[in-house]
Amino acid sequence: MTECTNENIHLFIKYMRGELHRKEERQVDNHVQQCQDCFFNFAYVEEIFRNRQKLSIDEKTLLFKYISDPIWQHEHNKLKQQIKQEVLTELKLLNNPAISAGASKNDNANPTSKSDKVNNSDINSSNITKQSKESNDANTALISQNSYIAHRGQSIFIAVAFTIIFLSLSTSIYLIVKNQNLSLFTSSTITTPNIAIANNTNNTSNISVDNNLYQQLDSAIDKYLESKGSSDLQQAEDIANEIKQKYGDKYGVDLVVYYQSVPLSEIDKLPAFRKEMFELINQTPGDHYEEALKQSQKLERTLFQVGNKIEAYRVKTITNKLHTMLYNYKLSELTTQEGLKFSTDNQYLFLRGYFLLWQAKQLSETSSFEQSEKIFQQTVAIGQQIHLDDLITTARVSLSTLYHLNSDDLKCLETAQNLLSKPEKMKKTRIIALLQIAGLAATSLKYDTLSNQYLKDSLRLAEEIKNPAYVARSYMFLSLSLAEKKNFLDSNNYYLRTIENIAKITDEKTRLEALYISLGYYGKVKLLEGDFAQASNTYKQALTIMKDLNIQNNLQLSQINEGLAIASRELKNDKETQQYLATANYYGKLAETNKQKTNCLLSFIPNSCYLK
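Just so we're aligned, residue 1 is where the sequence shown starts under this note's numbering, counting upward by one.
In short, the hints are calculated from the structure, not lab data.
Some hints here could point you the wrong way.
[Claimed, not checked] No farther apart than 20 Å at their CA atoms in a straight line, the calculated lysine to aspartate or glutamate pairs in the EDC-like style are these:
no.	residue 1	residue 2
1	Lys456	Glu500
2	Lys547	Glu290
3	Lys422	Asp448
4	Lys485	Glu414
5	Lys597	Asp408
6	Lys294	Glu333
7	Lys309	Glu365
8	Lys589	Glu365
9	Lys446	Glu508
10	Lys504	Glu464
11	Lys466	Asp408
12	Lys250	Asp345
13	Lys540	Glu576
14	Lys244	Asp389
15	Lys294	Glu276
16	Lys509	Glu291
17	Lys244	Asp254
18	Lys228	Glu266
Predicted, not measured: the structure shown is a model, and the values here were computed from it.
Build the full structure now, drawing on both the sequences and the hints.
Structure (structure tokens):
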């Protein structure tokens with residue numbers, strides 16, 4: 001659509017509804033005859049209003065997004081609040097006696113013109129009764145009295161009118177879609193949350209807005225450590241007993257028992273340990289994992305030494321997470337087994353939930369889809385049992401990613417949209433991750449408009465929180481999705497922005513990991529574009545970084561070597577082609593044995609599912 005078309009859509013709608021004056025209708029008619037874009041779009045709007053035009057898949061997905069997407073809802077609700085405030089301001093002006101008096105004085109200054117208009121109306125309407133004439137006189141006088149206010153409120157009226165028109169159009173199209181059985185996602189619940197995402201500036205906090213009992217327990221313990229007051233300790237004990245009574249979780253009760261056992265003379269050193277623990281919990285994703293792992297392991301040992309075994313295992317859940325993020329799968333597995341045994345034996349549901357979460361994430365990398373899905377669902381069940389939103393949303397975000405990696409894109413998109421309908425429960429980084437995975441799923445499903453909107457929303461939020469790792473990932477996914485549509489110019493531009501933001505990542509290992517993944521995707525883009533020499537060089541750079549980082553991802557190694565084989569074949573290097581194919585087959589068999597798989601879109605090579 002051109003800019004002209006965007007500006008005139010609301011006029012087309014008012015024209016169809018008969019809401020324009022004759023002069024305005026003539027102006028629309030004249031413009032439509034002169035502007036070809038408006039001519040066709042005017043006809044298209046008319047078809048929709050006459051219920052004769054089916055919507056395209058892109059239009060249906062865009063409509064669904066407008067109805068269900070929380071970011072659009074936030075902007076829409078913000079606009080409604082702004083208009084509401086402006087209207088209230090106008091009402092205050094109407095109630096101001098000075099302004100009312102001024103309006104009356106202006107009306108009395110020129111009574112003749114009003115009278116003439118009424119008389120002319122009477123002359124031209126011979127069948128109008130005296131009662132009608134009196135009514136017209138009264139109405140004319142009323143209009144005259146408010147002409148000053150009406151002039152001042154014209155901009156407000158237009159803003160309100162445009163908003164009503166837009167909402168009416170959305171509702172009308174939605175009803176058409178519903179009546180024609182063209183609903184895009186029949187299993188999805190359409191929600192319109194009134195959530196101000198943009199105001200959620202705390203992008204790393206592990207605390208959700210509902211302030212659950214575990215958060216209340218943490219707050220009470222911190223308050224006790226600061227005051228050393230018995231009333232604060234009693235409050236912590238009451239909360240712990242409530243957790244046990246409601247959820248059957250002994251975590252809080254035993255934790256309070258530990259703090260009750262610590263002599264007051266030794267209390268002063270404990271707040272520093274808890275502060276360090278929460279810093280690790282709330283660490284920004286993608287930052288200094290190796291350094292954090294050393295810090296986590298050291299804090300574990302310290303907590304065991306002071307007898308705080310429960311919070312030592314809470315820190316061990318962080319250690320488990322960091323092992324998984326650093327691909328230390330064997331160490332992660334050992335930590336998981338130890339943590340699950342401890343939490344199960346002592347009936348600590350809180351700890352068990354987080355150990356299960358990272359076990360599922362590790363299994364999603366090393367085991368079957370069915371097994372990891374089962375553990376994720378167990379994690380969600382525990383989160384629901386103990387009313388812990390952080391645990392529930394983290395597991396469901398991972399489930400959404402898991403569905404995408406296993407090419408169940410519709411289920412992935414439904415899961416992501418369900419979570420996005422309640423953004424107040426999530427950190428901004430998690431919202432960004434969901435928007436990214438929803439955008440990828442929409443790309444795989446060929447919902448191009450929806451995909452583009454989700455990925456650009458993720459980019460906007462990532463730039464808002466100034467996280468270069470997330471910004472780079474959004475640019476990378478935009479580049480990849482455009483390359484699949486053969487838009488190589490924009491794809492290459494987005495790739496350059498990806499590299500620019502990767503360079504801003506301060507942690508060297510995280511930066512190199514992001515770089516090799518981006519190089520793998522860019523090699524695929526170059527193959528699709530037919531630039532085989534550049535594809536070969538790009539893949540070789542990715543392999544070098546993987547070797548330096550000692551990353552043994554069999555699936556990625558198989559795909560990169562296969563990409564090199566494709567490029568070598570096109571460059572007529574037969575010997576290299578055979579070598580790369582042999583290496584690709586070797587790693588491919590290892591990946592198959594470990595049941596590693598990925599979505600076609602996220603493969604480092606062009607796949608048959610995108611070359612139909």
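Here is what the structure says about each hint:
no. : hint            : result
1   : Lys456 - Glu500 : holds, 17 Å
2   : Lys547 - Glu290 : holds, 18 Å
3   : Lys422 - Asp448 : violated, 24 Å
4   : Lys485 - Glu414 : violated, 23 Å
5   : Lys597 - Asp408 : holds, 12 Å
6   : Lys294 - Glu333 : holds, 18 Å
7   : Lys309 - Glu365 : violated, 30 Å
8   : Lys589 - Glu365 : holds, 16 Å
9   : Lys446 - Glu508 : violated, 36 Å
10  : Lys504 - Glu464 : holds, 15 Å
11  : Lys466 - Asp408 : violated, 32 Å
12  : Lys250 - Asp345 : holds, 11 Å
13  : Lys540 - Glu576 : holds, 13 Å
14  : Lys244 - Asp389 : holds, 18 Å
15  : Lys294 - Glu276 : holds, 13 Å
16  : Lys509 - Glu291 : holds, 11 Å
17  : Lys244 - Asp254 : holds, 10 Å
18  : Lys228 - Glu266 : holds, 11 Å
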